[in-house]
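Peer 1: Now for the letters of each chain:
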Amino acid sequence: MGYRSNLEKALSERGFAVTVEIGPPKGCDPARIREKGEMLRGCADAFNVTDNQTAVVRMSSMAGCCILLGMGLEPVMQMSCRDRNRIALQSDVLGADAMGIRNILCVTGDHQCFGNHPGSKGVYDLDSVQLIKIIRDMRDKGVFQSGDEVSFGKPEFFIGAAANPFSDPCELMVDHLEKKVVAGAEFVQTQSVFNLDRFVSWMDEVCSRGLDKKVHILAGVTPLKSLKMAERMKFHVPGVDLPDDIFNRIKDSKDQMREGYEISLELIEQVKKIRGVHGLHITALFWESIIPSIVRESGIYHM
Amino acid sequence: MIITKQKELKDLLNRLNDKSVFIVGCSECATVCHTGGEKEVLAMKDVLQKKGVNIVGWVVLDPACNLNNDKRLLKKHIKELDAADKVLVLACGSGVQTVSEVLDKEVIAGIDTLFLGEIKRVNEFEKRCVTCGVCELDFFEDFCPVSRCPKSMLNGPCGGSVNGKCEVNKDMDCVWSEIFSHLKEKGRLHKLKCIVEPKDWSNSVCIDRRL
Ligand code: SF4
Ligand code: SF4
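Going down the list, the protein sequences come from chains X and C. So for the first sequence, numbering that gives the first Met the number 0 puts the first residue at 0; every next one is plus one. So for the second sequence, numbering that gives the first Met the number 0 puts the first residue at 0; every next one is plus one.
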């Protein structure tokens, strides 16, 4: 790979990186992305732009990434397999590279029944493992999925995957991560960590298979803004494990925002020390304004 | 078997709009599914009559998707059919189209066709196949993720499963939990390591087959 993204450099040279998620608006005003980008400038090595997350229609990830590039911020383009077949996905990989995007994160995508168009037809022509392998082959071998050659410029991407340490069975979830690594994933962002014990045992299994040496793992952190948000995360978001003790701390607190903030600082303190963790991925789900103080106070990122 | 479900009565009444109607059932899948057997055809006749629809006759075809059978069996009802403005067919989509090919009448589909499935027990059916064109069940220990996983994941679970149940439908087992338990029990977990390539859908465009 000729070009190296900041994220790749931070992970391989500094050994620790921070990424932050930016959710695009349900509309076409680029100022919404610029405001968030400005607010989060200096908080992270790279900024994930989600791809119609929770199956709700939003501004496209590629457009959001281009707006960030224009501001001198480095984006991570998320790509979901839900809405596009292999033709459209590969075409967008070429387009994203042409626009200067250098990090890509492959996800399967939340099922369309959870979003604002439950009657839509899910595509799922590929799964995330296959998408990772296809992008890797486009980059390293210069071929499309069909075997046809890529002409006029091979895409250069730092390729990422998502992982969920909290789905069961745990063993299978590590197998699944291993598959993503074999397919070609170079960094991994995990589901938000609330249940430390389960995260630690997952990481133990990851390290015992030597996967931490083959892929950079960024642990997910989500500050909880309110009881309503904690309830949503605990009961309605598939794949999230929010243990009772954290939930009760929010519930019993007089200042839920403050409590959520404290909890996220405590989690960061613990998580960054776990063997094999190479960084943090902060997703604040529409509470992005809290990220600068979290980053400052925890000291995880310095400009 | 082809699994079907009866449409809402109000939708049917809207489609039939007070015309004279001939009802057709099917002796195979729709009978086993309790959507288009003799019993359901007669029950439909009663319900529609109570709503003021004029039912001019009925028949259960054997089965509705067989063109020559349909021609032969429907001939016997030619008089009733002449008196009908519309024909209501309680058979899968394939059966509806065959009947429509035989009759020069407005044909209404009375049931929705859901999937190819297994009869688990009386009145309980589960999806098993979406006729993808290239069967690769042996990769998956004969649990089909193409049809049984709402995201058709071929390389492992999506990460949304809780307690072995699918995130999309809490009453259904996550097919990847089933594949995993089965492989573990049989000592064949190593099979999960191989990356399953994207599916070849080119056979799914095939629309006829001749022997
Ligand atoms: S692999 Fe295809 S043909 Fe085989 S059971 Fe699944 S959907 Fe049906
Ligand atoms: S929970 Fe299991 S069956 Fe349901 S979509 Fe995810 S992988 Fe597929």
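Simulated from the structure, these hints should not be mistaken for laboratory data. Errors might be hidden in some of the hints.
[Said to hold, decoys possible] Quick list of in silico lysine to any residue cross-link-like pairs, SDA-like style, CA-CA up to 20 Å:
no.: 1; chain 1: C; residue 1: Lys-198; chain 2: X; residue 2: Pro-117
no.: 2; chain 1: C; residue 1: Lys-183; chain 2: X; residue 2: Met-232
no.: 3; chain 1: C; residue 1: Lys-169; chain 2: X; residue 2: Gly-118
no.: 4; chain 1: X; residue 1: Lys-233; chain 2: C; residue 2: Val-161
no.: 5; chain 1: C; residue 1: Lys-198; chain 2: X; residue 2: Ile-86
no.: 6; chain 1: C; residue 1: Lys-164; chain 2: X; residue 2: Ile-86
no.: 7; chain 1: C; residue 1: Lys-183; chain 2: X; residue 2: Cys-112
no.: 8; chain 1: C; residue 1: Lys-185; chain 2: X; residue 2: Pro-168
no.: 9; chain 1: C; residue 1: Lys-198; chain 2: X; residue 2: Cys-169
no.: 10; chain 1: C; residue 1: Lys-169; chain 2: X; residue 2: Gly-146
no.: 11; chain 1: C; residue 1: Lys-190; chain 2: X; residue 2: Met-232
no.: 12; chain 1: C; residue 1: Lys-190; chain 2: X; residue 2: Cys-169
no.: 13; chain 1: C; residue 1: Lys-169; chain 2: X; residue 2: Cys-112
no.: 14; chain 1: C; residue 1: Lys-198; chain 2: X; residue 2: Asp-147
no.: 15; chain 1: X; residue 1: Lys-120; chain 2: C; residue 2: Lys-85
no.: 16; chain 1: X; residue 1: Lys-233; chain 2: C; residue 2: Arg-127
no.: 17; chain 1: C; residue 1: Lys-169; chain 2: X; residue 2: Pro-117
no.: 18; chain 1: C; residue 1: Lys-190; chain 2: X; residue 2: Val-180
no.: 19; chain 1: C; residue 1: Lys-198; chain 2: X; residue 2: His-235
no.: 20; chain 1: C; residue 1: Lys-192; chain 2: X; residue 2: Val-181
no.: 21; chain 1: C; residue 1: Lys-169; chain 2: X; residue 2: Arg-83
no.: 22; chain 1: X; residue 1: Lys-120; chain 2: C; residue 2: Lys-126
no.: 23; chain 1: C; residue 1: Lys-169; chain 2: X; residue 2: Ala-54
no.: 24; chain 1: X; residue 1: Lys-233; chain 2: C; residue 2: Lys-164
no.: 25; chain 1: C; residue 1: Lys-169; chain 2: X; residue 2: Gly-114
no.: 26; chain 1: C; residue 1: Lys-164; chain 2: X; residue 2: Gly-238
no.: 27; chain 1: C; residue 1: Lys-169; chain 2: X; residue 2: His-235
no.: 28; chain 1: C; residue 1: Lys-169; chain 2: X; residue 2: Ala-87
no.: 29; chain 1: X; residue 1: Lys-212; chain 2: C; residue 2: Lys-192
no.: 30; chain 1: C; residue 1: Lys-198; chain 2: X; residue 2: Gly-146
no.: 31; chain 1: C; residue 1: Lys-6; chain 2: C; residue 2: Lys-183
no.: 32; chain 1: C; residue 1: Lys-169; chain 2: C; residue 2: Glu-100
no.: 33; chain 1: X; residue 1: Lys-120; chain 2: C; residue 2: Val-204
[Unchecked claim] Okay, the calculated bits of chain C under chain X, using three or more residues with CB under 8 Å as the criterion:
no.: 34; stretch: 29–35
no.: 35; stretch: 79–90
no.: 36; stretch: 94–108
no.: 37; stretch: 169–179
Cβ atoms here follow ideal geometry from the backbone N, Cα and C, with glycine treated the same way.
Peer 1: Hint by hint, note whether the structure agrees.
Peer 2: The hints, checked one at a time:
Taken as a hint, the C:Lys-198 and X:Pro-117 pair is broken in the structure, with Cα atoms around 25 Å apart against an allowance of 20 Å. The straight-line distance between the Cα atoms of C:Lys-183 and X:Met-232 is roughly 31 Å, outside the 20 Å bound, and the hint therefore fails. Proposed proximity of C:Lys-169 and X:Gly-118 is supported: the alpha carbons are some 19 Å apart, at most 20 Å. Restraint check for X:Lys-233 and C:Val-161: the C-alpha separation of about 12 Å stays at or below 20 Å, so the hint holds.
Of the supplied pair hints, the one linking C:Lys-198 and X:Ile-86 holds, its CA atoms being roughly 13 Å apart against a limit of 20 Å. This hinted pair does not check out: C:Lys-164 and X:Ile-86 have alpha carbons roughly 32 Å apart, beyond 20 Å. Between the alpha carbons of C:Lys-183 and X:Cys-112 the distance comes to roughly 31 Å, so the proposed pair goes past 20 Å and is violated. Proposed proximity of C:Lys-185 and X:Pro-168 is supported: the alpha carbons are some 17 Å apart, at most 20 Å.
A threshold of 20 Å between alpha carbons decides the hint, and for C:Lys-198 with X:Cys-169 the separation of about 27 Å lies outside it, so the pair is violated. With a CA separation close to 39 Å, the supplied pair C:Lys-169 and X:Gly-146 exceeds the 20 Å bound. Between C:Lys-190 and X:Met-232, the direct Cα distance comes to roughly 34 Å. Violation of the 20 Å bound is thereby established for this hinted pair. As the CA atoms of C:Lys-190 and X:Cys-169 are separated by approximately 17 Å, the hinted pair is consistent with the 20 Å bound.
Distance check on the hinted pair: C:Lys-169 and X:Cys-112 sit about 13 Å apart at the alpha-carbon level, within 20 Å; holds. Only pairs whose Cα atoms come within 20 Å are accepted, and C:Lys-198 paired with X:Asp-147 is accepted, the gap being roughly 17 Å. Proposed proximity of X:Lys-120 and C:Lys-85 is contradicted: the alpha carbons are some 32 Å apart, above 20 Å. Between the alpha carbons of X:Lys-233 and C:Arg-127 the distance comes to roughly 32 Å, so the proposed pair goes past 20 Å and is violated.
Between the alpha carbons of C:Lys-169 and X:Pro-117 the distance comes to roughly 17 Å, so the proposed pair stays at or under 20 Å and holds. Taking the CA atoms of C:Lys-190 and X:Val-180, the gap is near 17 Å; set against the 20 Å cutoff, the hint holds. Annotation: proposed proximity of C:Lys-198 to X:His-235 is violated, straight-line Cα distance about 32 Å (limit 20 Å). For the suggested pair C:Lys-192 and X:Val-181, the alpha carbons sit about 9 Å apart, so the restraint of at most 20 Å is met.
Between C:Lys-169 and X:Arg-83, the direct Cα distance comes to roughly 26 Å. Violation of the 20 Å bound is thereby established for this hinted pair. Simply put, X:Lys-120 and C:Lys-126 have alpha-carbon atoms about 18 Å apart, close enough for the 20 Å limit, and the pair holds. A distance of roughly 19 Å separates the Cα atoms of C:Lys-169 and X:Ala-54; the hinted pair therefore holds under the 20 Å criterion. For the hint pairing X:Lys-233 with C:Lys-164, the CA-to-CA distance comes to about 16 Å; that is within 20 Å, so the pair holds.
Distance restraint check for C:Lys-169 and X:Gly-114: the Cα-Cα separation of roughly 17 Å lies within the 20 Å cut-off, and the hinted pair is therefore satisfied. Of the supplied pair hints, the one linking C:Lys-164 and X:Gly-238 holds, its CA atoms being roughly 11 Å apart against a limit of 20 Å. Between C:Lys-169 and X:His-235 the alpha-carbon distance is near 12 Å, which keeps this suggested pair within the 20 Å criterion. A hinted pair counts as satisfied when its Cα atoms are at most 20 Å apart, and C:Lys-169 with X:Ala-87 does not qualify at roughly 32 Å.
A hinted pair counts as satisfied when its Cα atoms are at most 20 Å apart, and X:Lys-212 with C:Lys-192 qualifies at roughly 19 Å. For the hint linking C:Lys-198 to X:Gly-146, the alpha-carbon distance of about 14 Å falls within 20 Å, and the restraint holds. Of the pairs offered as hints, the one joining C:Lys-6 and C:Lys-183 is violated, with about 42 Å between alpha carbons and a cut-off of 20 Å exceeded. At roughly 41 Å between alpha-carbon atoms, C:Lys-169 and C:Glu-100 are farther apart than 20 Å, so this suggested pair is violated.
Straight-line distance between C-alpha atoms of X:Lys-120 and C:Val-204 comes to about 18 Å, which keeps the hinted pair within the 20 Å bound. Counting residues of the stretch 29–35 of chain C whose beta carbon lies closer than 8 Å to any beta carbon of chain X gives 0, which falls short of the minimum of three for the stated coverage. Residues of the stretch 79–90 of chain C lying with their CB closer than 8 Å to a CB of chain X number 0, which falls below the three-residue condition for coverage. Only residues whose C-beta sits within less than 8 Å of a C-beta in chain X count toward coverage, and the stretch 94–108 of chain C has 0 of them, not enough to reach three; the restraint is violated.
Counting residues of the stretch 169–179 of chain C whose CB falls under 8 Å from any CB of chain X gives 3; the rule of at least 3 is met.
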